[in-house]
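Asks: This is what each chain is made of:
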Amino acid sequence: MSTDVLDQPVNKPVRQPVSWGRRLTSGRVYLGALIVLIWGLAPFYWMVVTALRDPAYIFDNTPWPTHITFDNFRTAFDTNRGTDFGRALGNSVIIGAATTAIALLLGVMAAYALARLTFRGKYLVSGLILSASMFPVVVLATPLFQLFTDLGWYGHYQAMIIPNISFVLPMTVYILSSFFSELPWELEEAARIDGASRFQAFRLIMLPLAAPAVFTTAILAFIAAVNEFLLSNLLSSDATAPVTVAIAHFGGNNGSKVPPYGAIMAAGTIVTIPLVIMVLLFQRRIISGLTAGGVKS
Amino acid sequence: MKSQAPQSNSPKRRGPVLGLTARAWLFVAPVLLALVVVVGYPVVRAVIMSFQKDAGIDKSTGMFVEGGSAGFGNYTHWLLQQCTNSLGETVSCPTGNGGSEFWAAVGVTFFFAVVTVSLEATIGLGMAMIMGKTFKGRALLRAAVLIPWAIPTAVTARLWEFMFQYDGVVNRVFGTHIVWTVEGWPARFAVIIADVWKTTPFMALLILAGLQVIPEDVYEAAKVDGASAWQRFWNITMPLLKPALLVAVLFRTMDALRLYDLPAIMTQDLGATRTISTLVVQQSRSGANSASALSIITFLLIFAVAFVLVKGLGANAVRTQEAQREAH
Chain L
333 MSTDVLDQPV
343 NKPVRQPVSW
353 GRRLTSGRVY
363 LGALIVLIWG
373 LAPFYWMVVT
383 ALRDPAYIFD
393 NTPWPTHITF
403 DNFRTAFDTN
413 RGTDFGRALG
423 NSVIIGAATT
433 AIALLLGVMA
443 AYALARLTFR
453 GKYLVSGLIL
463 SASMFPVVVL
473 ATPLFQLFTD
483 LGWYGHYQAM
493 IIPNISFVLP
503 MTVYILSSFF
513 SELPWELEEA
523 ARIDGASRFQ
533 AFRLIMLPLA
543 APAVFTTAIL
553 AFIAAVNEFL
563 LSNLLSSDAT
573 APVTVAIAHF
583 GGNNGSKVPP
593 YGAIMAAGTI
603 VTIPLVIMVL
613 LFQRRIISGL
623 TAGGVKS
Chain D
90 MKSQAPQSNS
100 PKRRGPVLGL
110 TARAWLFVAP
120 VLLALVVVVG
130 YPVVRAVIMS
140 FQKDAGIDKS
150 TGMFVEGGSA
160 GFGNYTHWLL
170 QQCTNSLGET
180 VSCPTGNGGS
190 EFWAAVGVTF
200 FFAVVTVSLE
210 ATIGLGMAMI
220 MGKTFKGRAL
230 LRAAVLIPWA
240 IPTAVTARLW
250 EFMFQYDGVV
260 NRVFGTHIVW
270 TVEGWPARFA
280 VIIADVWKTT
290 PFMALLILAG
300 LQVIPEDVYE
310 AAKVDGASAW
320 QRFWNITMPL
330 LKPALLVAVL
340 FRTMDALRLY
350 DLPAIMTQDL
360 GATRTISTLV
370 VQQSRSGANS
380 ASALSIITFL
390 LIFAVAFVLV
400 KGLGANAVRT
410 QEAQREAH
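Chains L and D are the protein sequences, given in the same order. If you read the first sequence in the working numbering, its first letter stands for residue 333, the second for the next number, and so on. If you read the second sequence in the working numbering, its first letter stands for residue 90, the second for the next number, and so on.
Since the hints were derived computationally from the structure, they do not count as laboratory data. All values derive from a computational prediction rather than experimental measurement. Idealized CB from N, CA, C, for every residue including glycine. Any given hint could be a false lead.
One-sided and incomplete, this derived list gives chain L residues near chain D with beta-carbon spacing under 8 Å [said to hold, decoys possible]:
1. Phe391
2. Val457
3. Met538
4. Leu541
5. Leu562
Stretches of chain D that chain L covers, calculated by requiring three or more beta carbons in the stretch to come under 8 Å of a beta carbon on chain L [what the hints assert, rightly or not]:
6. 109-122
7. 131-138
8. 195-201
9. 264-275
10. 286-292
11. 343-356
Go ahead and model the full structure; you've got the sequences and the hints to work with.
Replies: Put into structure tokens, the structure is as follows:
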């Protein structure tokens with residue numbers, strides 16, 4: 333399974349004695365790598381440091397945590413301040429999981445067809461699905477708001493899950509079909525020749541091979557669904573608001589007063605840590621999924 | 090698959106009940122149906138709504154009226170900045186009315202798109218060159234680069250809003266005293282910086298994938314022929330990278346043109362960072378039908394840009410991906 337083109341170096345080094353020139357080059361590469369590393373980590377690090385800092389010293393600029401406290405985390409979960417962050421976390425999990433489940437359920441078959449079968453209208457189908465993923469979500473906002481108000485769905489979970497399908501499903505189909513097209517389907521043929529039924533061949537041979545791809549796609553779909561803000565902001569009530577909405581409105585729009593940044597950074601840290609752990613664990617597959625699908629959440 | 094013929098142990102293939110094309114369409118049907126419901130229906134409804142008047146007080150009678158047909162009124166409201174005055178006459182919109190903000194929002198949106206996408210493509214290319222090299226800790230670097238991408242945009246917005254505070258770390262590090270999230274141009278650049286931080290890594294990964302399908306021997310041959318590193322970059326890497334780069338640019342441009350989360354959260358209702366998307370959402374609170382017209386205009390604008398990119402530059406996403414897939 334050639335999951336990773338990305339693991340081959342762009343330029344394979346030609347073997348030759350290590351010259352000063354080469355050392356200089358490798359020094360430059362490490363310098364570049366350091367810059368990229370700082371790019372990726374510094375703001376995230378600053379969020380964590382701020383979350384751990386006593387709110388009175390929130391604008392301290394020492395690059396390491398000072399006045400360490402867990403107060404911000406307590407404040408984040410404090411429901412007396414008009415926000416219910418704990419509930420928002422639950423809501424995001426519900427919305428993200430339901431969206432992912434529906435997208436996978438519908439998407440797997442289409443992805444299989446696009447990856448495995450040659451049929452008339454294939455380009456039309458993949459073009460349609462791709463254009464759906466590029467569709468500005470803001471066009472859906474007003475009609476859906478009206479529709480869901482008419483149906484009495486405003487503020488219910490389905491009012492956020494259904495619109496999420498519009499961009500998670502195309503992404504799912506794209507990523508899955510590119511994973512599927514790399515599976516060794518000859519094994520299925522071989523199993524059939526050895527006497528397995530079509531269903532047995534699929535279940536015993538192909539399904540286990542496809543499982544990691546489906547799992548990776550699920551992670552990407554979940555991250556995309558949890559990331560959504562515009563529609564959730566319009567269509568959720570206080571009780572069903574996901575984390576993105578909760579964090580955006582944390583501290584309210586209280587003009588002159590400085591928002592409770594310590595608590596906001598704590599909330600941000602809590603949301604981000606599980607995502608970061610997922611990314612670290614499945615880095616390779618996530619990258620191949622992202623680049624294969626080429627669709628950003 | 091329930092629709093398959095009854096299982097048989099004979100290795101001989103059974104002819105399919107349906108033709109291959111029909112069967113394939115059966116597989117993709119659920120997805121197409123779902124997209125018709127969640128995308129097609131709202132779009133049709135938005136088009137219908139865009140030709141209806143918003144409910145409101147009829148200025149001539151003082152009565153509350155339910156709208157009715159608006160013709161192209163909602164479109165001219167935005168495109169020609171036409172409003173209806175108290176006498177029912179068509180006049181140009183006064184300052185502060187949504188209609189008068191349309192072209193400014195278009196300008197801001199395109200400014201953001203051009204600046205962010207060019208920065209992301211340039212920096213992303215640099216990052217991709219570094220990440221493509223072989224060195225210890227390469228996997229770690231690639232994971233680290235995914236972190237900005239994995240953080241939800243709403244969290245990114247609050248994080249950068251905090252860093253851009255007057256007493257915040259950005260002003261401290263650079264010794265400046267800029268009110269980043271309130272003043273026009275600083276706020277625009279604050280949004281741009283946050284967006285570039287978040288999405289450049291994604292761009293870098295797309296470019297890296299493109300870099301790695303370039304065959305090694307082309308470089309070897311050029312080296313033998315005495316091409317310098319710079320010549321190899323301009324005459325080999327860039328032309329061969331073009332399809333992948335264009336696809337990345339296409340995806341990112343589409344994304345940048347619908348930018349909403351960052352300006353809406355970081356700078357709230359600031360006019361200087363009002364994109365078309367934030368204008369639509371703002372308008373939808375006061376008049377759903379004129380908001381629909383605006384959203385249709387947004388869609389047509391983005392579609393036009395995609396069309397130009399695909400036709401003019403040959404950024405064919407579907408075919409390039411197929412080609413990349415076959416190259417593996």
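Asks: So, for every hint listed, does it hold in this structure?
Replies: To see whether the hints hold, each was checked on the structure:
The closest approach between the C-beta of Phe391(L) and any C-beta of chain D is roughly 4 Å, which is under the 8 Å cut-off, so the hint is satisfied. Among the interface hints, the one on Val457(L) holds; its C-beta lies about 5 Å from the nearest C-beta in chain D, closer than the 8 Å criterion. A distance limit of 8 Å between C-beta atoms decides the matter here; for Met538(L) the minimum to chain D is near 12 Å, and the interface restraint is violated. Taking 8 Å as the C-beta cut-off, the interface hint given for Leu541(L) is violated, the closest approach to chain D being about 16 Å.
This hint holds: Leu562(L) has a C-beta 5 Å from the nearest C-beta of chain D, less than the 8 Å allowed. As drawn, the stretch 109-122 of chain D meets chain L at 10 residues by the rule of a beta-carbon pair under 8 Å; at three or more, the given contact holds. With a cut-off of 8 Å between beta carbons, the stretch 131-138 of chain D has 5 residues touching chain L; three or more are needed, and the interface restraint holds. Counting residues of the stretch 195-201 of chain D whose beta carbon lies closer than 8 Å to any beta carbon of chain L gives 0, which falls short of the minimum of three for the stated coverage.
Residues of the stretch 264-275 of chain D lying with their CB closer than 8 Å to a CB of chain L number 0, which falls below the three-residue condition for coverage. Beta-carbon proximity to chain L at under 8 Å applies to 5 residues in the stretch 286-292 of chain D; the threshold of 3 is reached and the given coverage holds. Look at the stretch 343-356 of chain D against chain L: 8 of its residues bring a Cβ nearer than 8 Å to a Cβ of that chain, three or more, so the hint holds.
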